[in-house]
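Chains as they are written, first to last, in my numbering: chain L, -3 to 108; chain F, 2 to 287.
Everything labelled a hint here was simulated from the structure, so no lab data went into it.
Fair warning: there could be bad hints in the mix.
[What the hints assert, rightly or not] DEER-style ranges, computed between Cβ atoms:
no. : chain 1 : residue 1 : chain 2 : residue 2 : range
1   : L       : Arg35     : F       : Val91     : 16 to 22 Å
2   : L       : Gly93     : F       : Ser220    : 34 to 40 Å
3   : L       : Val36     : F       : Gly113    : 46 to 52 Å
4   : L       : Lys28     : F       : Lys68     : 20 to 26 Å
5   : L       : Ser57     : F       : Ala46     : 49 to 55 Å
6   : L       : Ser57     : F       : Lys25     : 29 to 35 Å
7   : F       : Lys204    : L       : Lys44     : 40 to 46 Å
8   : L       : Gly93     : F       : Thr253    : 46 to 52 Å
9   : L       : Phe80     : F       : Gln228    : 31 to 37 Å
10  : L       : His(-1)   : F       : Asp212    : 23 to 29 Å
11  : F       : Thr253    : L       : Arg35     : 51 to 57 Å
12  : L       : Glu98     : F       : Lys25     : 21 to 27 Å
13  : F       : Lys96     : L       : Glu2      : 44 to 50 Å
[Stated by the list, open to error] Stretch-level coverage of chain L by chain F, calculated; a stretch enters the list once three of its residues show a Cβ under 8 Å from a Cβ in chain F:
no. : stretch
14  : -1 to 8
15  : 12 to 21
16  : 86 to 98
C-beta atoms are modelled at their ideal positions from N, C-alpha and C, and glycine is treated no differently.
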Amino acid sequence: MRHHIEGTTMFDGDQAQKGYALNRMCFSFNAKENREAFRVDEDAYCAKYGLTREQREAVKSRNVLRMIEAGGNVYYLAKLAGIFGLNVQDLGAQQTGLSVAEFKEKLAAAGR
Amino acid sequence: MARVIGGVGTTHVPSIGKAIADRKQNDPYWKPFFDGFHAVHKWLASEKPDVAVVFSNDHGLNFFLDKMPTFAIGAANEYRNEDEGWGIPVSRAAKGNAALSWHIINEVVGEGFDLTMCQEMLVDHAVTIPLQLMWPNGDWPVIVPVSINTVQHPLPSMARCYELGRSVGRAIACYPENVKVMVIGTGGLSHQLDGKRAGFINKDFDKLCMDQLVADPESLTRYTIPQVVELAGAQGVEFLNWMAMRGALTGTVSELHRNYHIPISNTAAATVLFENKPRVERRKAA
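If we strip away everything but chain F, and leave its shape as in the complex, we get (with noise of 0.2 Å):
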């Protein structure tokens, strides 16, 4: 049987494309963000996931306003990503599983959520930049991307995006095939890009995010999406994709790196990793 071995949450922001592309892992800016993956390079060469199920908010690629899914996914064995129009390198494509897809579509349908099917979908940089950080020698697993809307308000609700994570973990665990599967939740943290709270960053409610996403995740759906807007500044509503990333790891949940460093870009920038053992090798909390 399949089973989530962890997951990672990650800022996507478009300028660590360009970053790679020019090679300035060691330059001073962004030295302290690229050295936040070190661990996380360290667990995938030991845990050797097969399959990453990627939760992220498309940004005027694959979709526009005129048909915003709330929730897709893609049913697809090839996800490209196009020119996006603000100069980041185009990356390669990333390799699907459409049978994995269609497997959790059933289920995660079966169960009440009404997931939009892609049999073809393009994946921006929200996609894309979470690969390249992780796998830097471009030896990415097979992904099943899921779109969650964070541009068009009304969003989905903090508490439904969990609700979605934990579906998605639960049609993973009954996938007859034996792989390994892991979760990525791309954005945040804390942002605004416009208005004229732009640049708006807290570094608090972040904190809090990411202690409650190990401790207690269904602590912070309480949080409405306004306040979410409030808190984290208008595109940190993109921690909706980290919510449903914690909650497809149904098991038992400890964090094991955090790295946190403001700003890049405009960004307050985060990864956490997070093993997800079976609850029944439940163990004490280190």
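Just chain L, same shape as in the assembly (with noise of 0.2 Å):
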């Protein structure tokens, strides 16, 4: 029945399940005064909203492909992933290994 698409999670009821206390906290970010208290402290950010030890090793890691294990959903890592300055090319150079100069060259030349 699963359908397997090599590099590519989906994101079903096993991983929604699995990172809801992460994807909540990544939800909350969307006020600012949040993303601050988490810049404040983060550890007792992470406590609050009961990350499991894998999740806040994930985030701590800043390595987005541990925080999808986790069972992050990109949309809302996105958010997380703001506060730390890295927008969508930087996660994918860092996902795919490649700088981010590469990363974007790779998009360029799939419009080729």
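Build the complex: two chains, separate frames, hints provided.
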């Protein structure tokens, strides 16, 4: 039944359950005061949202693939990435092991 | 009676909001994308739609995973935008038409689409950016936002979204007020933000989707959601909004304009403009 697509995690019921606490924390970052609170005391903020150990470690590592592995959904993770000053090209570069310049070139090449 | 005069499909990448705020329309990176709207502006200036029904997906502004409706519709007289957390400027609010929303709700639910009804709904960049792109002077029409879940699987099928659009199209056609309505489908085309396949873009599939959207949209309903993810990328599933938009054009449809440019941010950016003529006026395709 499951359709495996290389390098892609389907955000399905299993992932949504697994990632709930992490995604709920990221959803809170719509509010500026919450982004500030995270910046001031990341440990306390993550504890308040009940992140699992795996999720806490993934956030600490700033590693997007680990956050996805821990159930994170990219639409919510992008709000967290914004706090770290990372845009979607930065995220793409990190996940594919390319430099940001190489990742942008990969995108441009897709149009040629 | 109300009538659906046409439709637009457009990308809604958040960074477009920043580019508009920073007036980068003529910047070499952005120009090929923004130039794709001139033809749309011209058409809008001559057709002057009163209402835009906007099919889009929320990205975690109005809906969270605690309650995720497959299909939701706004039934308000105003729709606000708020801070989305990723640094794009907050947009001004769009006006709604609750009476038209309730008419659509009554008709569409009556046909078997169990919409979640929202008397309050925040609209995110997936609604506000297309409005800013299409009406840069800010003279937005009234909107009816329809939100389709493209975030948490299982997603509604291509066929279901197309049929939802058809049902909305029929509902508009029996609305007794004399209003000109257009439909907008936002998002896509191919892109993937997450995973080791991040940066995936599929020009051939995008072209096929745009071609078939005009000529034979039903042929696209054969793709399952996993196939769309595979062919268009994990976020390329936003094409579901385009399927609904196309479904609402139940007359004789012709493509008046198309623009396709890679990349905008991580996305294959596309803009299409469709005209919808009553079937009785059927004429030879151009």
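Handout entry: Verdict on chain F covering the stretch 86 to 98 of chain L, criterion of 3 CB contacts below 8 Å
Key = holds (count 4)
Handout entry: CB-CB spacing for Gln228 (chain F) and Phe80 (chain L) relative to the 31 to 37 Å hint
Key = Cβ of Phe80 (chain L) to Cβ of Gln228 (chain F): about 34 Å, so the range 31 to 37 Å holds.
Problem - Whether the CB-CB distance between Gly93 (chain L) and Thr253 (chain F) falls inside 46 to 52 Å - result: Between Gly93 (chain L) and Thr253 (chain F), where Cβ atoms are some 50 Å apart, the hint holds.
Handout entry: Consistency of beta-carbon spacing, Arg35 (chain L) to Thr253 (chain F), with hint 51 to 57 Å
Key = holds (56 Å)
Problem - C-beta pair Gly93 (chain L), Ser220 (chain F): status relative to the range 34 to 40 Å that was hinted - result: Once the Cβ atoms are compared, 38 Å apart, the range 34 to 40 Å for Ser220 (chain F) and Gly93 (chain L) holds.
Handout entry: Supplied distance hint 29 to 35 Å, evaluated on CB atoms of Ser57 (chain L) and Lys25 (chain F)
Key = Once the Cβ atoms are compared, 34 Å apart, the range 29 to 35 Å for Lys25 (chain F) and Ser57 (chain L) holds.
Problem - Hint check for Lys25 (chain F) and Glu98 (chain L) - Cβ pair distance inside 21 to 27 Å - result: holds (24 Å)
Exercise for the section: State whether the coverage of the stretch 12 to 21 of chain L by chain F holds or is violated, taking the criterion as 3 or more residues with Cβ-Cβ distances under 8 Å. Expected result: That given contact holds, which follows from 4 residues of the stretch 12 to 21 of chain L lying within Cβ reach (below 8 Å) of chain F.
Practice task
State, for the Cβ atoms of Arg35 (chain L) and Val91 (chain F), whether the hinted interval 16 to 22 Å holds or is violated.
Solution key: holds (20 Å)
Exercise for the section: Using the Cβ atoms, figure out if Val36 (chain L) sits within 46 to 52 Å of Gly113 (chain F). Expected result: holds (50 Å)
Handout entry: Hint check for Glu2 (chain L) and Lys96 (chain F) - Cβ pair distance inside 44 to 50 Å
Key = Taking Cβ atoms as reference, Lys96 (chain F) and Glu2 (chain L) lie about 45 Å apart, which means the hint holds.
Problem - Status of the given 40 to 46 Å range, CB of Lys44 (chain L) versus CB of Lys204 (chain F) - result: holds (45 Å)
The structure meets every hint from the earlier list without exception.
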